[in-house]
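Listed below, chain by chain, are the residues.
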Amino acid sequence: MYVAVKGGERAIENSHLLVSEARRGDPSIAEISVAQIEQQLRLAVDRVMTEGSVYDRELAALAIKQAAGDTVEAIFLLRAYRATLPRFGYTEAIDTLKMQLRRRISATFKDLPGGQVLGPTYDYTQRLLDFSLAVASAECGEPQTNPPPPTSPEQEFADVMALLGAEGLIEAQPPSEGDPVPADLTRVPMTFPASRAERLQNLARGDEGYLLAMAYSTQRGYANNHPFAGEIRFGSVEVEIIPEELGFPIVIGELEITECQMVNQFAGSKTVPPQFTRGYGLAFGHSERKAMAMALVDRALRAEELGEAVVAPAQMQEFVLSHSDNLESSGFVQHLKLPHYVDFQSELALLRQMRASQSAQSESSI
Amino acid sequence: MYDSTEAQQARREWLGLLSRAPIELLEAWGAGRAQEYVWLKRPESGLAMVRARIGATGDRFNVGEMTLTRCALRMAGGQHGVAYVQGRSARRAELAAIADALLQDPNERDALERDLLQPLRARIAASRAARANESHLTKVEFLTVSRGDE
Amino acid sequence: MDTFSLEHIGAGFSDPTAASQRIFRTSLTVLSRPGTILEADSDATAPEGIGAAANAILLALLDQDVALYVSPTHVAVASAYYRFHTGCSITSNLEDADFVLLASTDRIPALSALKTGTEYAPELSATLVWEVAKLASGDGLTLTGPGIESSVRLTATPLDAAFLSARAETISLLPRGVDLFLTCDNRVCGLPRSTRIRG
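Protein chains in written order, with this note's numbering: chain A, 118 to 483; chain B, 131 to 280; chain C, 2 to 200.
Source of the hints: derived by calculation from the structure; they are not laboratory data.
For each residue, glycine too, the CB sits at the ideal point set by N, CA and C.
Just to be clear, a hint being listed does not mean it is correct.
Claimed, not checked - With a Cα cut of at most 25 Å, we get these calculated DSS-like pairs of lysine-lysine:
id, chain 1, residue 1, chain 2, residue 2
1, B, Lys-269, A, Lys-215
2, A, Lys-123, A, Lys-454
3, B, Lys-269, A, Lys-454
Claimed, not checked - Covered, in the sense of this in silico footprint (three residues per stretch, anywhere, with C-beta under 8 Å from a C-beta of chain A), are these stretches of chain B:
id, region
4, 150 to 162
5, 193 to 202
6, 208 to 218
7, 233 to 245
Chain A with its partners taken away, still in its complex shape (with noise of 0.2 Å):
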C-alpha cells in the first residue's frame, strides 16, 4: 500500500530558523565576518576551494560561515555554487617551476640551491594548546633576522626531480606524444581503467580524509610503497588564458597552490635500469597533507602501469577513485535519514512472512 504523507511545512521552516539562530549562536558575542574567516580560518579556506573544486577565497569562507564550520558542508554549497555558473573555458597549464616559493622544503637532499624555506608551518610547533591566543591580541613579534640578506629577493630554486633526473635516477616526466588534452570529469563522468589524468583530478577534489587514511594504509604495508617526501612547495603561481579574440595568453590572476612531488621505490626492467618512481599531489592553498596523501595514492593507483601486483586496496581505482568524492559519500551515507518508511514497511512484512512460515513449518513437523 502506498501512502503519500504530506506535511512538515511549518516544522521545516521552524528548523530553518533555528539553524539560523544556532549559527549565529548568541547574538551578545560578535558576529563573524566572511572576511575575519577568508584571512583568519585560511587553512579551512583552503581545505574548502580544494575539494569544493573552486578557487574563490570568499566563496569559500562564505560557505564555511553558513554552514558553520562544517567543511564538508561547506563544499557541498561550494559545488551546488559552482554548478550555477557558466565555464567559459580552460586556463594554460601553470607552470609550477615557477612559482614564487613561500616554502620549499625536500626529505631527501639537505643542500639544494634555494635551500630549505621553511614558511609558515606547524611542524616545529610543540602543539602545546597557547592560551595567550584565548586572549585577543593584535601583537605577533618581530621576526629575528636571518643573515645574509638575500641579494635579489627572488631566488633560484633547484627542482628536486631535475636533480635526480639528470643523472637518470629517476623516471623521466615529459608530456606524451602530441600533448593530449586531458579528460574532464566535470563533463564526461569517469569510466574504467581511468587515465593518470583523469585519477589526479579525482583525488584533487577527493576527501581529505579519505586520501589521508589510504595514503597512510600504503606506509603500512597495503600496497609496496617506500616513499620519501622530494620536494613539497607552497606558493603563487600565475595562471594565463588565451582568450580566442585575443590569440595570445594573459595572466587573469594568481593562485595560492601546493605540490608535493614523492620519490618512491623503484622500478626496472630488462630495458629499463632500475630507478626511483614518482607519485604527485597538488592542492589550492596550502594544504601540505592533502597534497602528500594525493600523491602516495596516485603512486599506489599507479601499480598497474609499471608492473606491480594489484593486492592492496589504495592501489585499486574503482575502490579509490568511486569513494574520493565526499559530496557523493556524505549525501548518500545521510540520505539514510530521509523517510523510508515504505522501503522499511516492505521488509517487515516480509521478516512477518517469513517467521510465520517458519513458524507453521516446525509445527507440522511435531
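For this one, chain A is given, so just place chains B and C on it according to the hints.
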C-alpha cells in the same frame, strides 16, 4: 588588429596587470571619467578550469576551477576593450576593459601608464619582494657540528 | 590558435541569464507542441542575414561543449560571433556538428550526414536551426505524433518531398534522430525527432 608583436607584448602585459588590479585602484583611476562605450558582452562571472602538469612537467590534468569575470566593449572611438579578471566583480571587469580600450589609444596611453600601470607594477613587485623576504627569514642555515676526531 | 577580431561582432544578450532562460522556455514549448509557432526575439544584434529567432536560439543553447556548423551563406559573418558570445567551436564538417545553422537559400542537407546520437545517449545528436523562406500555421504539411492531439497543419517552404522522405526514414531510428527548429525572422516552430510529417 595587432600590427606588431611589440604591440601585442605590451597589451599582454597590461591585461595581466589589470587582471590583478584591486578595485580601489581602478576606482581611484576611473572615478569621474565619463566614458562612452557599448557593450559587446556585459560582465559575466563564470569559471575557468585550471590545468596543471603531472609531476610539474608531464601530461596536463584538470586541478579544479577558479572564478573569473569577463566582458568586452567598444568605445565611441572604435577601440575594443576586453577584460578577464579573477573573481566575481563586474565593476572590476568593466573598469579593466575600459582601461584596455584606452591603452590602445596613443593619446591616452601615457596618462594611463602613469596613473594605472606604474602603480600596479609597483604594487605587484612590492608584494613579491615582501613575500620573498618573509620566506628568506625561514631559510634553514645548517651548521656542521664537529664530532671530535673519530 | 585560430583567432578572430572583435571588429565586426555585434552585441549578444544584454542580460544573458534572463534572455537564455526565456528563449530556452520558448524552445522547450515549441519542441513539446510541434507545429506551434512562437516569437523568439531578443535584444542581441544578430550577424547580417541571420533572423532574430535563429540567433536568439543559438545564443541561448550553444556553449563551449558543442560544435556549430554554420551555413556557407553565413559562415564568414557569423562564426566569430557565436564563438565569442557562446564559446562554442565551429566545425566545417556536418558530421561533427551538434548544431547546424542553415539559411533558406542553402541546398537542403542530407539528413543522413547529421549525428543522430546513440541508443545509449540519444541526446548526442544534431539540432538543426533552419531559417526558412515561409513559416505559417495551416495548409501545407500535416504533423502528427507526441505533443499533438490529432494533427496540425504547417506551411514551411522549402521543405520538399525529398527532404520529407529522408526525414521519414529517421523516425525508425527513435530514440535516435535529429531535432529541428524552423525559424523565419523572429518566429520559431519546433519539429522534434518524434514528429511525423506528411506532405
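- Query: Which of the listed hints are not met by the structure?
  - Reply: The structure breaks hints 3, 4 and 7; every other hint is satisfied.
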